[in-house]
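**Student:** Chain by chain, the residues:
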Amino acid sequence: MTTMHEITLKVNGADYACEVEGRLTLADFLRHQINLTGTHLGCEHGVCGACTVLVNGKTARGCLMLAVQADEAEITTVEGLAVNGELNDLQQAFMEHHALQCGFCTPGMLMTLTELLEENPHPKEQDVREAISGNICRCTGYQGIVAAALAVAEQRDC
Amino acid sequence: MKPPVFEYHRPESLDEALELLATLSDVKILAGGQSLMPMMNFRYVMPAHIIDINRIKELGEIHRVHDGVKFGAMARHDQAKKSEIILEHCPLIAAGMEHVAHAQIRNRGTIGGSLAHLDPSAEWPALLAVHDATLRVQSKSGERDVPILEWSQGFMTPNLVEDEMLTEITVAIWPEKHVYGFAELARRKGDFALAGAAVLLDFDGEVISRAALALLGVEVGPIRMIDAENLLVGEIPSDELFREAAEHVTVVAGIDDVHASASYRKKVASVMVRRALEQASHQHKSQALAA
Ligand SMILES: Cc1cc2nc3c(=O)[nH]c(=O)nc-3n(C[C@H](O)[C@H](O)[C@H](O)COP(=O)(O)OP(=O)(O)OC[C@H]3O[C@@H](n4cnc5c(N)ncnc54)[C@H](O)[C@@H]3O)c2cc1C
Ligand code: FES
Ligand code: FES
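Protein chains in written order, with numbering that gives the first Met the number 0: chain A, 0 to 157; chain B, 0 to 290.
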């Protein structure tokens with residue numbers, strides 16, 4: 000028998016009180032326990048970036064954090080980006096700039112770029128490329144992703 | 000994969016954590032989790048107990064102390080990269096953080112975790128070596144201080160026994176106008192480096208009055224290049240001087256693995272030493288121009 004831990008947290012603005020096993024990762028908690036399957040798991044060892052979510056506003060690997068560690072935290076996942084059911088500007092720009100094909104890396108890319116644009120509203124191309132250096136995309140060649148991020152930065156300026 | 004079953008403990012104070020370390024066996028401390036979690040997911044490491052030290056507030060701070068800067072073991076890479084204290088007193092460390100992994104990893108990874116994990120290519124140990132850091136290790140029964148150069152006891156083996164934990168790291172700071180350089184080669188941005196070099200220089204006019212030079216990725220732990228430091232002191236920077244200093248890398252043993260041969264790492268390290276010295280010297284010239 001393993002000990003269960005009670006946690007309370009906010010995910011995309013909604014309150015949750017759950018029981019979790021100590022070894023459950025945050026990513027598996029999101030996907031399996033509260034059915035937010037937008038957060039993807041590629042490698043489960045911190046390398047691919049698909050599982051990236053925001054923990055108290057800062058990006059973290061969902062596969063390298065335990066759910067029990069998110070007790071009392073505020074989590075934002077890709078499901079939390081849309082506003083009233085409409086894609087937000089970054090998601091919209093991903094569509095317009097062909098920043099996704101299969102979409103597997105997309106949630107992690109979006110969360111990573113959400114943090115970048117928050118911290119650095121006027122990124123240069125190099126900054127965007129560095130920001131997504133920890134997110135692997137096997138489809139797009141990154142070009143469209145970089146273009147989308149730069150377009151949003153410019154748009155938000157107006 | 001997923002981690003196997005363990006008991007999870009979350010102490011709120013250092014005393015509580017040391018008590019747990021003293022009473023439990025088969026324990027792993029969980030700091031940023033950026034190295035431990037991958038190892039648990041792969042089931043390379045399967046501890047019976049996890050002691051999560053993320054809620055111990057006193058371990059998360061960076062302070063200016065009278066002749067140095069003190070890091071709590073839970074200070075995060077990103078915190079060090081942006082800390083006003085670090086940017087002002089030991090900017091080399093902030094510059095070095097740019098090379099540690101990616102933003103998402105830096106948000107969680109810690110100085111203490113990096114030192115305890117002790118990857119030969121980690122940036123922290125080399126950055127701390129040029130700053131003559133002292134590491135404070137505590138257990139329920141006492142505490143001791145370990146100089147950074149005595150920290151590595153072999154491949155990924157820090158100077159720690161099972162009931163001990165690393166709690167704080169103190170670095171000596173250099174005179175205000177000191178200059179620095181950091182260079183490394185990694186296959187991709189954010190990957191562990193094949194080799195790298197960290198340099199601090201101080202000047203008396205045009206002459207180098209003090210030098211500290213350390214390498215990463217070449218040996219199992221950080222190494223200082225004392226011969227090269229001695230060669231630099233008393234000299235005026237020149238391409239020739241820096242090339243000569245860089246040649247000292249060829250005298251060390253070097254690690255050999257799947258990522259690169261020892262001889263290639265040495266060559267890379269030598270080039271990194273030269274680049275780091277050039278950065279430092281360039282900074283000194285800009286300072287002189289501005290004055
Ligand atoms: C994709 C990726 C890329 C990376 N690239 C780099 C890189 O380029 N350079 C680099 O330096 N690092 C890199 N890392 C590793 C990262 O810097 C880790 O943060 C670091 O190695 C471990 O710190 P942590 O706080 O995450 O420790 P944890 O993973 O929590 O712990 C690591 C080990 O240290 C022990 N430990 C932790 N804290 C203490 C303590 N206070 N006292 C005693 N023992 C303790 C743990 O029990 C464990 O054995 C990378 C990681 C990933 C996932
Ligand atoms: S699944 Fe977390 S980084 Fe790949
Ligand atoms: S869109 Fe397929 S991996 Fe990025």
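Read the hints as simulated data drawn from the structure, not as lab findings. Every residue gets a Cβ at the ideal spot worked out from N, C-alpha and C, and that includes glycine. You may find that some hints are simply not true.
According to the in silico footprint, chain B covers these stretches of chain A (three or more CB under 8 Å from chain B) [stated by the list, open to error]:
(1) 1 to 14
(2) 36 to 47
(3) 58 to 71
DSS-like, lysine-lysine: derived pairs with alpha carbons at most 30 Å apart [stated by the list, open to error]:
(4) B:Lys284 <-> B:Lys188
(5) B:Lys69 <-> B:Lys81
(6) A:Lys57 <-> B:Lys266
(7) A:Lys123 <-> B:Lys284
(8) B:Lys80 <-> A:Lys9
(9) B:Lys1 <-> B:Lys176
**Student:** Hint by hint, work out which the structure violates, then give me just those numbers in ascending order.
**Tutor:** Going through the list in order, the structure violates hints 6 and 9 and respects the others.
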